[in-house]
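J.: Using the sequences provided together with the hints, build the complete structure.
Single-letter residue listing:
Protein chains: 2
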Amino acid sequence: MRMDKLKIGLFGFGVVGQGIFQVLGKSKNANAEIVGICVRNPDKPRAVAADRSLFTASPDAILGNPEVDLVVEVIDDARASYDIVRRALLKGIPVVSGNKAMLARHLPELIEIQRQHDVALLYDASSCGSIPVIRNLEEYYDNDLLLEVKGILNGSSNYILSRVFDHRDSYAEALAQAQALGFAESDPSFDIEGYDSLFKLVIITVHALGAYVAPERIFTYGISTIHDADIRYAREKGVKIKLVAQVVKVSDEHFTMFVMPEFVTPSKYIYSVDDEYNGVVIRGECYDRQFMFGKGAGSLPTASSILSDIMARRHDYRYEYKKSKFMQKPDYTTDITLRIYARYTMTDIPSVLRFTKIREQYAGEESNYVIGDVQLSELLEKRPQLSGADVFLANIPQFFLDRDN
Amino acid sequence: MRMDKLKIGLFGFGVVGQGIFQVLGKSKNANAEIVGICVRNPDKPRAVAADRSLFTASPDAILGNPEVDLVVEVIDDARASYDIVRRALLKGIPVVSGNKAMLARHLPELIEIQRQHDVALLYDASSCGSIPVIRNLEEYYDNDLLLEVKGILNGSSNYILSRVFDHRDSYAEALAQAQALGFAESDPSFDIEGYDSLFKLVIITVHALGAYVAPERIFTYGISTIHDADIRYAREKGVKIKLVAQVVKVSDEHFTMFVMPEFVTPSKYIYSVDDEYNGVVIRGECYDRQFMFGKGAGSLPTASSILSDIMARRHDYRYEYKKSKFMQKPDYTTDITLRIYARYTMTDIPSVLRFTKIREQYAGEESNYVIGDVQLSELLEKRPQLSGADVFLANIPQFFLDRDN
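Those protein sequence lines, which keep their order, are chains A and B.
Take the first sequence: its letter number 127 is residue 128 in my numbering, and every next letter is one higher.
Take the second sequence: its letter number 80 is residue 81 in my numbering, and every next letter is one higher.
You may find that some hints are simply not true.
To be verified - Restricting the straight-line Cα-Cα distance to at most 30 Å, the calculated cross-link-like pairs of lysine-lysine (BS3-like) are:
| hint | chain 1 | residue 1 | chain 2 | residue 2 |
| --- | --- | --- | --- | --- |
| 1 | A | 27 | B | 330 |
| 2 | A | 6 | A | 92 |
| 3 | A | 250 | B | 29 |
| 4 | A | 330 | B | 29 |
| 5 | A | 29 | B | 330 |
| 6 | B | 8 | B | 29 |
| 7 | B | 250 | A | 29 |
| 8 | B | 326 | A | 29 |
| 9 | A | 8 | B | 326 |
| 10 | B | 8 | A | 323 |
| 11 | A | 326 | B | 8 |
| 12 | A | 326 | B | 27 |
What the hints contain is simulated information worked out from the structure, not anything from laboratory work.
T.: In structure tokens:
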């Protein structure tokens, strides 16, 4: 363990960046110091009192400072984040990053750079804020007995669904409330269309199964088209609608992944994950189900997760990506059958989507729905036709046919 | 990372030892092999088919085998466990142990031996089976922002309380059922008098706050004297009775610890931890509350936790006990006020126990109770007088005075 003070170059001073500044101040034993803060506009007034002389608009002022031994990157812009992280790593400077959109797209290249330049990139804060999912998958569930990681990975969409279900708010009210409370990302579609969950799922899968699957290959369906009829239906059946991301081994040779709303029964752990909380279930061959629950977002929870990564660097910790070296890694497949609920008004879903079997069909004055079995590959292929405002889909997981039957 | 096969000397072949044997067989990537199994009686027939030539009754046959690069110790007897672990470490052989009673008593010495002989002792399985509590406290919550670790750490007492509360079984029926299912330790008092939880709490505190407190200095009260009157009282108040172990920072300078039954309200995470499950809440200054939930005991869950420790040794992982080196470590105190419920019939509790304030008093034909404020130090001092079968105590945590008021 190094005993001298760790010198940090910080990129970004939004809610998370300011949180890191505060958390480092609170921790008497962190023994780390921010020696430079790169922001777009150094002269902008800030809520948190940081020494003005620390601020710069020039990335080179930080990346070129030989004193800096760790870059912490918490900027909003995925393209700029990629550029900074890549440049820092190529210079041999270790990096802590929280940018899930950037990581989900560029992990294979960034893993390769880490190997070639013998330098560490840590990003536990990128998935589920303060819940240590990545670290546990990498270090603790680091064997091939893992079968499934499934959870609520996005706080703001979950907050919205909780308001709608438990408080009977309208969807629009709930969304406005989430934005007012600062849970929603600057672009809310990121949250409510499922992309935030998707990016986290991509990162999680790298550490769960040692496999990288590009985001565009994964079926992703959000909650923005949810309708009173869907909520009424779920209430009548005694279930909640949650936006669920999952990666599941369907056989020894194959795993599948998708993000979509799900009818969750009260017996499931994630049923009680409400408001802005995240909850992750890790299932393994011998340990059955483990459940981790906590605040998935917010300034200080995310910052304290970044602090864990910073402290880990004091001990030269790095991800080993052990599972990517496993002998028998499973392959990604979308060739599995799901049972889904599809509600529609204008779009004639049964003619758009090829169901292998239709189990129930309902036609009403306001809306219609169909419940049936469909291939995940079919959902992925027809995704563009399913995004109209008059369609809503939900997974009915007790009928996860290829696994349970 | 070492690429050759890890050679394991196994001590003990009970439920956990057999589980390890099975789990190592299941994991294609563990790359570890059991080269010897030390048991009291090598000729006893075993449910799990292991090569007879592996068995020996002589510890020296394993500790003296130069091929062995890891000792895994899962025997029931704390004294024998201490002897084997100590001897292995002094010989420079790393050890994975699951013996909480042994660890809770001997950790300071074993930490010192690890330092002096530069050898690792891992024991994540000792606390909460498959829930990675120790590893997370050591690696992830490895800063000084941690405020509290609180949870249900013993599966069999929790199973009994669940049967009594949810299924309205009698206490005796529930205990018999727990023993029939194999949840209870061979000596059930270990579980139901709170000692199992106590030993886990001692180990957890070493990794939570960097402080070792000997078991006998910690107030511990079990569930064996629970009575219908207590269950009725809790039901009327809409709470459950759970056996809770906790370590809590009460100020910057002090922390406290105790194990006792608690009235748990439905809003608490641990309220829904039922049956043989364990649940742990980790609270920190910035990350608020994190909840981890899973199977705390049983052959395969414990074995898979041991597998995680075995795999960690492939990467030369060891606990650093970082927090024990922190500059400002808090000190242990029992000088705090609790509000408790004390039910009694013969023993005149108000005259035995010095309450600083009595809040409620009830006298009935069957039993009496008093609710009042009492110093933890007073409880510890009077512990011997409180153990009669006619007394039951429970903590009422919303009145944790020194913290919340």
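J.: So, for every hint listed, does it hold in this structure?
T.: Consistency of the hints with the structure:
1. Between residue 27 of chain A and residue 330 of chain B the CA atoms are separated by roughly 15 Å; this keeps the pair inside 30 Å, and the hint holds.
2. Between residue 6 of chain A and residue 92 of chain A, the direct Cα distance comes to roughly 21 Å. Compliance with the 30 Å bound is thereby established for this hinted pair.
3. Annotation: proposed proximity of residue 250 of chain A to residue 29 of chain B holds, straight-line Cα distance about 15 Å (limit 30 Å).
4. Annotation: proposed proximity of residue 330 of chain A to residue 29 of chain B holds, straight-line Cα distance about 10 Å (limit 30 Å).
5. This hinted pair checks out: residue 29 of chain A and residue 330 of chain B have alpha carbons roughly 11 Å apart, not beyond 30 Å.
6. Our distance criterion of 30 Å between C-alpha atoms is met by residue 8 of chain B and residue 29 of chain B, whose separation comes to about 15 Å.
7. For the hint pairing residue 250 of chain B with residue 29 of chain A, the CA-to-CA distance comes to about 15 Å; that is within 30 Å, so the pair holds.
8. Taken as a hint, the residue 326 of chain B and residue 29 of chain A pair is honoured in the structure, with Cα atoms around 12 Å apart against an allowance of 30 Å.
9. Distance restraint check for residue 8 of chain A and residue 326 of chain B: the Cα-Cα separation of roughly 21 Å lies within the 30 Å cut-off, and the hinted pair is therefore satisfied.
10. The hinted pair formed by residue 8 of chain B and residue 323 of chain A meets the criterion: a straight-line CA distance of about 20 Å does not exceed 30 Å.
11. For a cut-off of 30 Å, the pair hint linking residue 326 of chain A to residue 8 of chain B stands: about 21 Å separates their Cα positions.
12. The straight-line distance between the Cα atoms of residue 326 of chain A and residue 27 of chain B is roughly 18 Å, inside the 30 Å bound, and the hint therefore holds.
Checked against the numbered hints listed earlier, the structure breaks none of them; every hint is satisfied.
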